[in-house]
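Colleague: Quick note, the sequences are listed as chains A and B, same order. In terms of the numbering used here, the numbers along the first sequence are unbroken and rise by one, the last being 366. In terms of the numbering used here, the numbers along the second sequence are unbroken and rise by one, the last being 340.
Simulated from the structure, these hints should not be mistaken for lab results. Heads up, some of the hints might be wrong.
Reference excerpt, derived from the structure (chain A facing chain B, CB under 7 Å, subset only) [said to hold, decoys possible]: (1) S188; (2) D223; (3) R227; (4) Q252.
To be clear about the criterion: a stretch of chain A counts as covered by chain B if any three or more of its residues have a C-beta under 8 Å from a C-beta of chain B, and this derived list gives those stretches [what the hints assert, rightly or not]: (5) 211-220; (6) 241-247; (7) 279-291.
Rough simulated footprint, nothing fancy, chain A against chain B, three-plus residues with beta-carbon under 8 Å [stated by the list, open to error]: (8) 188-198; (9) 246-259.
Even glycine gets a Cβ: it sits at the ideal position worked out from N, Cα and C.
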Amino acid sequence: MSREGAGTDGAGGIRGGAGTGPGGAAPGAAAPGGPVLQLRDLKVRIATRRGLVRAVDGVSLEVARGEAVGLVGESGSGKSMTLRAILGVLPPEARVTAGQILLDGADLVPLSQADLNRIRGRKISMIFQEPMSALNPVMRVGHQIAEGPRVHLGYSRSKAAERALDLMRRVGIPDPERRYRAYPHEFSGGMRQRVMIAIALSCDPEVILCDEPTTALDVTIQDQILRLLARLCRESGVSLVFVTHDLPVVAQLCQRVAVMYGGQIAEWGDVRDVLLDPRHPYTLGLVRSAPDVDEVRESLVAIPGSPPSLVSPPPGCRFHPRCAFAEEDCRAEPPPPLRELPGGRRTACLHHERCEDVLATERSPR
Amino acid sequence: MTGPGAELLSARGIAVWFPVGSAVTARLRHRPRLLRAVDGVDLDLARGEALALVGESGSGKSTLALALAGLRPVNRGSITYDGRPLPTRRSRADRRRIQIVFQDPYSSLNPRLTVGGMLRELIAVHKVVPPREQAAFAAELLRLVGLGEDALRAYPRQFSGGQRQRVAIARALALRPEVLVADEPVSALDVSVQATILNLLADLRRELGPSLLLISHNLAVVRHLCDRTAVMYLGRIVEVGPTERLFTSPAHPYTRGLLAAIPRLAPAGGQEPGGTAGPAVAGDMPSALSVPSGCRFRTRCPHARERCAAEDPALASAPGEPGHLAACHFAFEGIAAGAP
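Next up, chain B with everything else stripped away, as it sits in the complex:
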């Protein structure tokens, strides 16, 4: 889908570990106990592309997003921007290029600054526009996200959840970023409000053209907004590909389970409400403190065999579809066999 060289933001072998437990026991064991939140991830985001990171809580998707945005140092691996490696301490110009919208608009906005104050501060610090144009630019930003100019003088508490998320988006756009990272931008909002924010994100992408990295557990939202989708499980990407292909012919058993687990307005196959079928994926995700040997998903996988415990599957591409990769020993067997 995206040719080599088109990548704007690239990650290679990214790992983020958190030491847990007391420092004393860590010294007694001669090594700290590590929670492997992100454990070896390669990811490319092309210019203008919308890429989704999906996964359940604890899969490492938010940690990965924070690492890419430079808000969290990485333990292993490298991040490059436009072919240039990004250091751990990024320059102000680099930080400006990647902006983030957080999940909870109730805690991500400073309650003691008016919206105008917040925007003007950002614009001034980063010298986005000359001082005399600041006010006009702030008003323009609010218009972009569908808020009136009177919002400039208002405090966050005076807004509803959806309006606050609009302010948070305006704040991110104020620096004219090339990459917009949105971490669960609608999951704190009511259903009828979610649609307006999703439409806004789609419109902004069309108008301003930033790359979008969307982190979400809601696969319907992802399908609606994104060109490509990466599925994370226990710190790794287990499948990545063009969104349409990933949703219509998922290759990894986890992706298949995830798609099957979503409740639908019209249950598949005309199933009665409260039907007797078994769950789509059994069991719980293992702890990131004790990752299973071999394939990480094997403890919940209906197809797990001996090889899965011994060998850690690498991401491999589907036959004839280089952009669709899955980390499963048997991912494309069915597809390969059934190919014409």
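In isolation and in its complexed conformation, chain A is listed as follows:
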């Protein structure tokens, strides 16, 4: 009954205060504005027949309260593995071999599955790319949304149902009383993703991890979902970690972005700084290789070569074999670390000034 009582104020308010989680008292929890989630030198290795894959190779970043952080990169850049490591849902062959994942200052890496189960869905939840495979096809949608509050917050059946209806309204599912009893297959793709978001929100988590949640959606529906996520961030102060390969999507939703390449962060900073004025040749390449809806370019500048093998990555900077700026020092081990630039941004490139030159010459004739 005491748990039920504790849940009451959580349901009414947007956030029922910083709950002391099973991970122990968190020093950072009381200070608003401090990072909710922090990764410190995270490393994930996957054992395969071809050898040890360095899927995530020393990733550090922090997510502030109410902030949306983008994690962009191509397939194999380690962005999804980073996300999965946070939630402790790595594939069986993969393991976190080093580093810390700090939620409110408490490290999640050493926690047992049982301890993690009390955090997953409660303090950290996740939205997947394919809602149809993430939802239970034989369970009514309303019950799926109500499940979290029942299990984690100890709500009674009727109170959880009320909470589910309220969430369905908040994520913009029309006619929630009727839709509560529907099954996932009766929903459109966009509505299913709204259901996923309602489930993710159901226990007022601190962080929602989003794994390409709009990639499978049409552009008008993607626009609706992005605006919904932005509104929820603003209204409830939940933080988002948003994984995608689509740079403009990040520009629309996120405040800060990490560009990943070969399991490492190539560039980090304010979304507009990084995407409009890149300081890493890989980011620059991504920006210049995509066609623009608003202007026609003569031809697209592709990035030559292909992504590195993560079993035996190239020495030094992971990007140097494909990089036009590469010099002798780029090939030297260890790989260049992220360096702080003015304005709180960071880059791993040793010759980042050359990006400025490229951008300057490109913009001058116009």
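Fit chain B to the given chain A structure using the hints.
Modeller: Chain B in isolation, oriented as in the chain A frame:
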């Protein structure tokens, strides 16, 4: 933009319907339940032109492309090629003229044939070149798409996604088609690889000059590659016109919404990330099983009035711009009023 008579491939009143549900209920209702994937489309593709078909999933763009390529019979309407009607069962020569590149290069190539085997088979069946020139021609095709000669002996699984799409393009080009249909040719590829394939398509068009019908949901890709653009919604073309004009002064509310919904690197008007503006287009596309009366877009249209539910708007051209057509009762009102 394209004068009459220049059309290479023309469609008039094309409709493709799929019966859904069981045959028993269909008999009880005395008519089958029909999914109207394509529901009355007129389209012209001129020689050497690049035309884009854009729309969201379920708009019928891929079905229309398959029908034009002769891979899907049509229920209504006619398709003519160079002024000559094409029958449902096309001759080998006609099939050769229109070739298609599919979206997913992982499933559109035969995994048990080497690239050389695949190309030689095609070349031999269609007698593209004399037998003794086959090998040289196959190598030439691979050079065209930027692959080395050693690719001839390789199997599709040995290639990356971008390379496979190059093989798929070489396969389509092997028959020296006059029309190349590309159905979402880059959407299965990584961003940095997409650019190389888009550049390749642009170069091939310049060098070989086939007409291109590009099916895509990515409007940036369309703007980059195509001369004209047709926007589809729920089985119909709602707007068609020269690409530049359609992107700079879209006339149909759906086209406007579609353009506004695209995320941009620099959000319009210096909007903050995660801004408070409402969505560009509200709601979901209705099911093709129950198409709304009148205008198909009215259920999501911010300007819908009574007339929109009663009357189905036909494609009408903009004043002074015969090549720019939109199917909206009020499409050119603003433009007409504001014209000098």
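Colleague: State for each hint whether it applies.
Modeller: Each hint tested on the structure:
no. : hint    : result
1   : S188    : 5 Å, holds
2   : D223    : 4 Å, holds
3   : R227    : 5 Å, holds
4   : Q252    : 4 Å, holds
5   : 211-220 : holds (count 3)
6   : 241-247 : holds (count 3)
7   : 279-291 : holds (count 6)
8   : 188-198 : holds (count 8)
9   : 246-259 : holds (count 4)
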